[in-house]
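Participant: Below, each chain spelled out in residue letters.
Number of protein chains: 4
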Amino acid sequence: MNSAVFPSRLIQGYRAFRKDRLPLEERRYRVLAEAGQRPQIMLVACCDSRAAPETIFDAAPGEMFVVRNVANLVPPHDPDGEFHGTSAAIEYGVMALRVRHIVVMGHGRCGGVSAYLSTKAGQAPLPGGDYIGRWISLLKPAEALACDDPAAEADRQRALEFASIRQAITNLKSFPKIAALEEIGEVELHGAWFDISAGDLWVLDQATGRFEVAAP
Amino acid sequence: MNSAVFPSRLIQGYRAFRKDRLPLEERRYRVLAEAGQRPQIMLVACCDSRAAPETIFDAAPGEMFVVRNVANLVPPHDPDGEFHGTSAAIEYGVMALRVRHIVVMGHGRCGGVSAYLSTKAGQAPLPGGDYIGRWISLLKPAEALACDDPAAEADRQRALEFASIRQAITNLKSFPKIAALEEIGEVELHGAWFDISAGDLWVLDQATGRFEVAAP
Amino acid sequence: MNSAVFPSRLIQGYRAFRKDRLPLEERRYRVLAEAGQRPQIMLVACCDSRAAPETIFDAAPGEMFVVRNVANLVPPHDPDGEFHGTSAAIEYGVMALRVRHIVVMGHGRCGGVSAYLSTKAGQAPLPGGDYIGRWISLLKPAEALACDDPAAEADRQRALEFASIRQAITNLKSFPKIAALEEIGEVELHGAWFDISAGDLWVLDQATGRFEVAAP
Amino acid sequence: MNSAVFPSRLIQGYRAFRKDRLPLEERRYRVLAEAGQRPQIMLVACCDSRAAPETIFDAAPGEMFVVRNVANLVPPHDPDGEFHGTSAAIEYGVMALRVRHIVVMGHGRCGGVSAYLSTKAGQAPLPGGDYIGRWISLLKPAEALACDDPAAEADRQRALEFASIRQAITNLKSFPKIAALEEIGEVELHGAWFDISAGDLWVLDQATGRFEVAAP
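Residue numbers (numbering that gives the first Met the number 0), protein chains in the order written: chain Y, 0 to 215; chain C, 0 to 215; chain D, 0 to 215; chain H, 0 to 215.
For the record, the hints were derived by calculation from the structure and aren't laboratory data. The hints are all genuine.
When chains are identical, the list treats them as one kind, so a pair holds in a single copy or across two.
Within a straight-line C-alpha distance of at most 20 Å, the following computed SDA-like cross-link-like pairs (lysine to any residue) qualify:
{"no.": "1", "residue 1": "Lys18", "residue 2": "Ala59"}
{"no.": "2", "residue 1": "Lys176", "residue 2": "Pro75"}
{"no.": "3", "residue 1": "Lys172", "residue 2": "Ala34"}
{"no.": "4", "residue 1": "Lys172", "residue 2": "Val4"}
{"no.": "5", "residue 1": "Lys18", "residue 2": "Asp57"}
Predicted model, so just to flag it, every value in this text is computed and none were measured.
Build the full structure now, drawing on both the sequences and the hints.
Facilitator: And the structure:
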């Protein structure tokens, strides 16, 4: 092992947390350590540094169970296959923690979506990469859906970001337990998209299939 | 599609973000939307609702690229195999975003680690689960390491949480590009563990292999 | 063992359930059998045949976790002592099922409360009884509270029914885990009282300590 | 006291009750409020949200006196000892209300029975729990009976659920007054088990000791 020095930015941030935030949340941390976490909401979000769900939703410790991967993808149900990390997290959220809501949150200018669109133009998604190309190939089924969004068709990237969220919700429903729980109203599936430039939240209206800006 | 109502808790949190946080970060969001994200730090963290890295490290938008899965696991390099989501995120962080630091952050009372320990007692990790059992089987190699931690041997769960972070760092080094970049000092690998009860951060001293509490 | 014939009233009721109700709830039963129950609400109610919570709140299968004892009493926290059945149920609801709400629901003309008041007049609560007297002695601390309710003081029985619900909420808070979870907003405690004559629901306003009729 | 808002789900359910059910039962509620309840049947049932006796037996107000605890347990007669809540309810049902039938109703996939079986594998029934472990220790005497059920021996959980109902009936007979009343045919004891997946009712044939599906 080496002797890498722990990033001073993180130590400094941790000190700010200790000074400003922990005093407000000390009880929550202590109680939820003893009692176990009991979040009612699960987020499937992107790794992007500009789209942290706890920040955007002002979450207290214990409120949101969050899985994050590149481009906030949900693979289809495939218990014998690959891509298990996200599926395992979803399963844990729904079955062990009994969350009531699963929110798939995308965001603008997503690097994963952009890399996928590059491959359509004949480019490698990441030169020399071993994983990212296969991972973002999960975006493929969303492409067809992207064409259907008239509001967004002028902006190909955004159209695919929207479509991918719809596809993720479809894929969530391919998990038999989630489909069954959603059918009886015990689990609700939602879509959202964060505009990292303006700081606006868009919410998927599932009746119309459209994303609409939430009133701030 | 149904007409599930977007969780009011999230709308309310978003409004707090708009009122209190966005005004402070508006420039960051806008500039980093245009220029693209340029985080120097990548976090591999757990989905647990009590261990959000942005909160613990008081991160501003754009500072941390964060992948989160159950038990903050890093699979070993296996370009032909399974578990691609986390590997794709790591690859994207290192190769596309050029992060300098990768921090694996575990935490106390981890449900994934606890489920793994239950399986040792002959139990199913999650009755009827399709994914979680296979995912946490990635903890297996860490078990041997767990025995080596004298400070922690009294507490089997914590010993495995610590060992799993060490194992994740070992697995990061099994990615040839990361090993090469680490060797020349361009990438640094770190381990941390958050005590969700006390709010303490423990940092892995890689010279000794021990975790030590960071001075608050 | 004897050969008692199963009550025909129950067989007949079961047939009505099969014919009229099960077809509507078949999916809920099947799904919640597979996935496990995930109620968000726990009721502490009376055994009284006229105050069934599922009827009064029109509950679907899986919605309410319900403990029922004589006079809907909650013993104070006493892990080394007696009266464990109700405490065990509360513990299971809060810790294993992670319910968010605990509602103590009393009702008018409660036989348990009435028996307690008889003992004040020098009567035995139940001639020759072994248990009921000790059980309803748990009402004693509520007596002081009963005096404080001017709206109800004209009706001694109702005053004690109301007071007993307040006392039950106080006793719930004597469970350290419930007090801690309530403090951080993860568990909410409520009081209600059902008027078995008029069919009205009264809800405890905890700001004023008064019960108010809910708008039908 | 805080100002928790009464759960809107319950208000909404109460409104449905007022609109759809109360008009049908108004007379029953009013008459039984004046005259007192006179149920002929007492149920000892589980708190489980999927096994509400009023639903399964389509009961009208006033028909069933219902005690509910975790795993529908009946402690043995022990007038000087603990576990008084359930015994007090049984005493009240038999002595004050003069019920004719006592039905112990278990159900499939019972969390209490399952927790007991976990303790056999060396696990805590509920980590950090104060009460549930002691409460479900009442299942211990039923274990021996479980082995005797050839029909069910393939399914350890169901075998114990069945055996526990038989044991509860045995324990009811340990109450001297119940034994005496049963002997002269004034009280009848019954066992039933509800299959929460299929919605089937199984009835204990006390001549053979076997549970048989009731014709729907």
